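Visitor: Below, each chain spelled out in residue letters.
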Amino acid sequence: MKKTFKLIDLDCANCAAKMETAIKKIDGVKSAAVSFMTQKMTIEADDERFDEIVKLAVKECKKVEPDCEVVVK
Amino acid sequence: MSKKQKKNLVRIIVAALICAGGFFVPTTEETFSFLWFLRLGVFLAAYLTAGWDVLWKAIRNIAHGQVFDENFLMSIASIGAMIIGDYPEGTVVLIFYQVGELFQSIAVGKSRKSISDMIDLSPDYANVERNGEVLEVEPEEVAVGEIIVIKPGEKVPLDGVVVFGSSGLNTAALTGESALRDVTVGDEVLSGSVNTSGLLKIRTSSEFCDSTAAKILELVENSAENKAKTENFITRFARVYTPIVVIGAVLLGVVPPLFDGNWSEWIYRALTFLVVSCPCALVISVPLSFFGGIGGASRHGIMIKGANYLEELARARTFVFDKTGTLTKGSFEVATIFPEGISEEELLGMCAAAERISNHPIAKSIVRDAEKRELKIDAENAEEIAGYGVKAVVSGREICVGNARFMEKLGVPVKNADTVGTVIFCACDGKYAGRIIVRDEPKENAAQALKKLTELGADRKIMLTGDRKNAAEAVAKTLGLDEVRAELLPDGKVAAVEEIYAEKPPKTALCFVGDGMNDAPSLARADVGIAMGALGSDAAIEAADIVLMNDNIESVPLAVKIARKTHRIVTENIVFALAVKVAVLVLTAVGITNMWAAVFADVGVSVIAIINAMRAMRTNKL
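Protein sequence lines correspond, in order, to chains L and X. Just so we're aligned, residue 1 is where the first sequence starts under the numbering used here, counting upward by one. Just so we're aligned, residue 1 is where the second sequence starts under the numbering used here, counting upward by one.
FYI, nobody ran anything at the bench for these hints, they're computed from the structure. Keep in mind it's a predicted model, so treat the numbers as computed, not measured. Ideal Cβ placement from N, Cα and C applies to all residues, glycine included.
Far from chain L by the CB rule (all over 10 Å, computed), these chain X residues:
hint, residue
1, ILE18
2, VAL137
3, ARG299
4, GLY341
5, SER343
Residues from chain X shown here face chain L by an in silico Cβ test under 7 Å; the list is partial:
hint, residue
6, GLU221
7, ALA224
8, ILE284
9, PRO287
Derived SDA-like pairs (lysine to any residue); straight-line CA-CA distance at most 20 Å:
hint, chain 1, residue 1, chain 2, residue 2
10, L, LYS3, X, GLU542
11, X, LYS3, L, ILE8
12, X, LYS113, L, ILE8
13, L, LYS25, X, GLN66
14, X, LYS110, L, GLN39
15, L, LYS2, L, ASP27
16, L, LYS40, L, VAL58
17, L, LYS63, X, ILE62
18, X, LYS477, X, ALA447
19, L, LYS6, X, SER122
20, L, LYS62, X, ILE59
21, X, LYS4, L, VAL70
22, L, LYS63, X, ALA63
23, X, LYS376, X, PRO339
24, L, LYS59, L, ARG49
25, L, LYS59, X, GLY65
26, X, LYS507, X, ARG460
27, X, LYS364, X, ASN381
28, L, LYS3, L, ILE26
29, L, LYS62, X, LEU55
30, L, LYS24, X, GLY65
31, L, LYS6, X, GLU221
32, X, LYS409, X, ILE385
33, X, LYS113, L, GLN39
34, X, LYS215, X, ALA172
35, X, LYS4, L, ASP67
36, L, LYS2, X, LEU219
37, X, LYS364, X, VAL393
38, L, LYS40, X, LYS110
Given only the sequences and the hints, what does the whole structure look like? Please build it.
Guide: Right, here's the structure in full:
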């Protein structure tokens, strides 16, 4: 499954890169992209564990930039 | 400016004023005297006003294990400067840092907005007719088959078919060409175009998420996922750059003073190093440039699916074109008919009857011509043989219509004088019955477009076609192509692309341009696949890396120019940022520059790089 999430207050380009690296390291993530320009995060991961992986990804984002909010619909 | 940015601006101004006040307090040698405390107090107040959030973020991020975080590095540098007694420096560094951050945020926000304005396709609302009433709703809420009303000046929110009214639609937002398309009852309209004159009612044919406008928007928005190699390189570089500079700072602050004992001087230099250690200018300007290039291209109806394709296109030196519909108009006309033992009309009628089942443009032209002459065209058991032609039964006779290969396969000897154009042969009950010559005129601007590509350094321009060799060569000669691969079967095109791919010079890219209908494999095989005239064709949008919404072949050299310009800007930014940073690091190490220069190397360079990156959006004067 592949899904895109909106990011609010992603203020620094380097943070976006750091988030992307961290999310890619999560077990079960096939591909991930964090775009500073479009303020969006795309995650492709295993279907069964998708929600769990998204939660972990949000946690990683918070670690890098605590002010940045991920809109999980 | 957003609320957050305004708040930061006010804060920076207040901090700057307090800091300016600090400069009026005379310095004193006497530690812990009143003046000493006053001076420290004023600067400390300015320092905290400007940078409390930086300090706070630094503490929070350290707790998360983010050691090389820019907030942390700035905090260390400024606190260090305060401790060794350089209050003005420590304070001003932080104020400048905030100014730079604010500037960056404004510039990025601005360019992000102007790029999204450029792709201004998404409708804000739809007027839907329900139970005799017209309601204004979100486009997402309209179901397939509902009737929507579009007033003059409004954007078409969803794809559909006109059921009432007639008007001119401006498709500029979709195709980049400001052309009016007249529509009336029964015509299909695409979302994203603008109604210019009359009131239209249309029956929607898709939901919003499947509409043309939504698809194009998605394409451009998702383009950020396909990152360019340069961007990935810079991100990797940033990961090692910061630690290296920090280690350099530590060594600089510890090793030399062991020999000369001048601790405060070396620590000052080390702190200056920390200010330069943030790779922001690089990390921010590269994706911004690519995004700007993609946005600028979209204004011309050139949709690019990712920065990586923009990068590849900049390197493209080999261009492979599909002939029909790409270099030529794709609409064939019957030029001459050579019947053999039957009348001209009889031959045309037979061929048209058989060809009626085929969707091939050549077949269509024959049918069109027969219809124009009001010939009877009825056939039974018609069957298309891909790459050869059509076989059918017409008035009880077995008719085979197709190319020379087909006749050869059937064992029918044919007559063939050399003529310019594509020859269609006809066999009736296994006997040669004549031939029809059809011609496909090259597009008016095709030669011009190819010339522009040559000027841009396209070393090899090759045309692929299923046409006969001499016909193809005649077209190639008038257009100025370098090579032709003719008489290719549908699957022969990919093989030809493979072959040419193997021959391309190292470090260059191969670009394939086609109409996207039958060349999906070739589009996929090339480094960059460009599909033309893709508006309304999902298959083409799906298959290609770069999608030309219009049918204008000159968009190809324009896309190359945009790609080159973007690439040049990216290179400029990388070289400029690295050169300034390295220079400041070296000068700092030998003690020539100070922290002011370091702040410039950090935020100043970022801002300049961002402004430069925004140039990528400007594509009007290419």
